[in-house]
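J.: Next come the chains, spelled out residue by residue.
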Amino acid sequence: MDAVQISNVTKAFGAVTAVDGLSLTVPEGSVYGFIGPNGSGKTTTMRMISSIFYPDRGDVRVFGKQMLGARSELIGYLPEERGLYRKMAVQPMLEFYGELRSGRKVTAEVESWLKKLDLAKWAPQKVQALSKGMSQKVQFIAAVVPAPKLLILDEPFSGLDPVSTDAIRSAILDLRRGGVTVILSTHDMQVAENMCDYICMIFRGKKVLDGTLASIQGRYGNDTIRVAAEGGMQFLEGLPDVERVRDLGQVQELRMARGCDPQQVLRTLMARTRVNSFSIMKPSLHDIFVRIAGPEAGEAQVA
Amino acid sequence: MRRTPHRILLIARRDYLATIRTKAFIIGLVVAPLLFGGGFLGVALIENKPDIKERRIAIVDGTGVVAPAVIQAAQEMNAKQLFDTATHRQVQPRYVFETLAPAADPKLQRLELSERVRREQLFAFIEISPAVLHANPHAAGGQDSTPAPVATYSNAGGLDALRRWLEDAIDEGVRRVRLAQLGVDQSRLSGVLAGVKVERFGLVSRDSKTGEIRAAGKKNEVAEFAVPFGLMLLLGMIVMVGSSPMLSAVTEDKAQRLVEMLLGMATPFELMMGKVLGALGISLTSSAVYLIGGTLALAGMGLSGMLPFAVYPWFYVYLIADVTFLCSLAAALGAGCNSPQDAQQLAIVLLAPVMIPYFLIAFVMQQPNGAISTALSLFPPFTPMLMLLRQAMPGGGVPVWQPWVGLLGVLAFTLIMVVAAARIFRVAILLQGKTPKLADLVRWAVRG
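Those sequence lines, one after another, are chains F and E. In terms of my numbering, the first sequence opens at residue 828 and continues consecutively. In terms of my numbering, the second sequence opens at residue 470 and continues consecutively.
Take the hints with a grain of salt, since some may be wrong.
With a Cα cut of at most 27 Å, we get these calculated DSS-like pairs of lysine-lysine [to be verified]:
1) Lys-1034/F / Lys-976/F
2) Lys-953/F / Lys-492/E
3) Lys-492/E / Lys-914/F
4) Lys-903/E / Lys-1033/F
The hints are simulated quantities; they were obtained by calculation from the structure and are not laboratory data.
Extracted from the complex, chain F is given alone in its bound form (with noise of 0.2 Å):
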């Protein structure tokens, strides 16, 4: 069964349509992730999923099942922005948003929890004393306690330092290896790629993009180059074939123009400089997000 169903949904404010006939399917215990521009709509999609923004039209179904604003002990939530009782203990709190949610004690598995991401000796300590990383991991405890089986996590890494990244990633893929279907919205395309069996781009309001990592990329097919060259991107200008150069620092990716050989791309790069690595692959997420949403998407449709 799939966990979650959008069909044909719209949802406005005023003048503004934030999602504008968006329609996917969320197979039960994958990891799907939402990419797209800030204001596209990723947030109204997973709130109207959450039930708690209701679409103007279209239906939105969880496990089969039309939520109608009802709030279920099955769905887990993350708000993108931080909200903590401040002056309460962290552990009565969690205690508080777990019973809320489930309608039962859940002081077992928020002590679990708690010891698991590190958190344990602050149980008592007062919200407002917990540094930045410390109250996202209570945040993300506050979302999986009791356990559901749909979490979704808008944007759950934003301002993490790698260790508190890594902890709260390694619970997400525990919690996906018990069967917990996880609806993430990242800005972070090393995250989509590497965490999401399924990736959707919304972009002004409508899916643009939608499927497996490999299944997006095979539409763009084997057309970028990345190569370490001596020199960098002074020896890359003005190369046959090729549309555009990112420079990554220490190896740049080229963009070839349909049609383009490799091989020649090769030839003329080493007449020009000693090259120390060439290989052909599929465009990177990251260059897929931009195609899509940057300035020279833009530039296309102007033109």
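Could you slot chain E onto chain F? The hints should help.
T.: Just chain E now, with coordinates in the frame of chain F:
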């Protein structure tokens, strides 16, 4: 839906405990009645600390006979009123007099005496003209345009007790001189002019079981005024203290992004009603403290007979309805605000159902069963305050049907307010960056 009551109670419990455990609540429990009742307490304290410094008054007597009579009357008043009969403490200043003959230049004499007042050698001076001996039946009523025969000069405030005291002494002195001129026997005068004692009673009734006619109870001015006034004051105070913080609390929760977290777990209706119920719990706690404390205090003073125990249940019904509708309104308005500053500007809307009845107290107490008082007390936003005031007045004679009709109106109004507020709350609570207009609020309240 089956978890709705549990979620509402859970949110209410959290908000309730979070509030009553704060020092601010405990301090507020003490400070609020001091703020509201502080004026009365202050007056009582000030009255116990009167200014008893001797006051010298000069009398410029144009009659040659009135000043001694006024001084004698003043000395008799001094003797009667200077000391509290129970405590023997001096409770008002002693007035001493000096008599002056009118000078050739009255203006200059007034100036010299005024300078003495400014130098604090005198407290005031009085001019008595010969016209005072000719009784004018219209003068006291203020319908006569001729100059007053007696003038007092001082730089004391218009409400100074001196004015009333002096007027009494002058009246008495002048009256004695006039009566002496008419040949009336002064020794029989006090008995002739003594006031008649009038006692006020309620109505006589018949005991429905025994058939016995029950004597009417004596009317008690304290019970007639202070008890209804105090009960209404208490209701208004608790309602304001209970509902006002809701506006800023919701705005703060919204600004701190707590709301979205909570809305992932509870519906907007559950969240709003939980908050309203929490505020109601806080109000009931405050009211229990004040009402039980006040009742015990009056019982301790032997005044429990003044308390309208039959009105207590109504007090709580009105309190619950008032707090519920005002807190719902506050939650809806708070949901529409984006900052505490926005919320402050709307606070006046919440105060209106409490403050307007306060302004109407005197009117309603003078005519508790008049058509306008009745209509005002049946207007749902004012019913809790004004109907309670009328019901708490001893022998107020509020027809039995009126409180029930008023209650029906209040309950219907509260229900409509809660439904409308919940609709506004649901739409507005996650809106950011734009403060909704009144038209938006009305549209959301009607359509959801």
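J.: Would you mind marking each hint as holding or not holding in the structure?
T.: Hints versus structure:
no., hint, verdict
1, Lys-1034/F / Lys-976/F, "holds (25 Å)"
2, Lys-953/F / Lys-492/E, "holds (17 Å)"
3, Lys-492/E / Lys-914/F, "holds (13 Å)"
4, Lys-903/E / Lys-1033/F, "holds (25 Å)"
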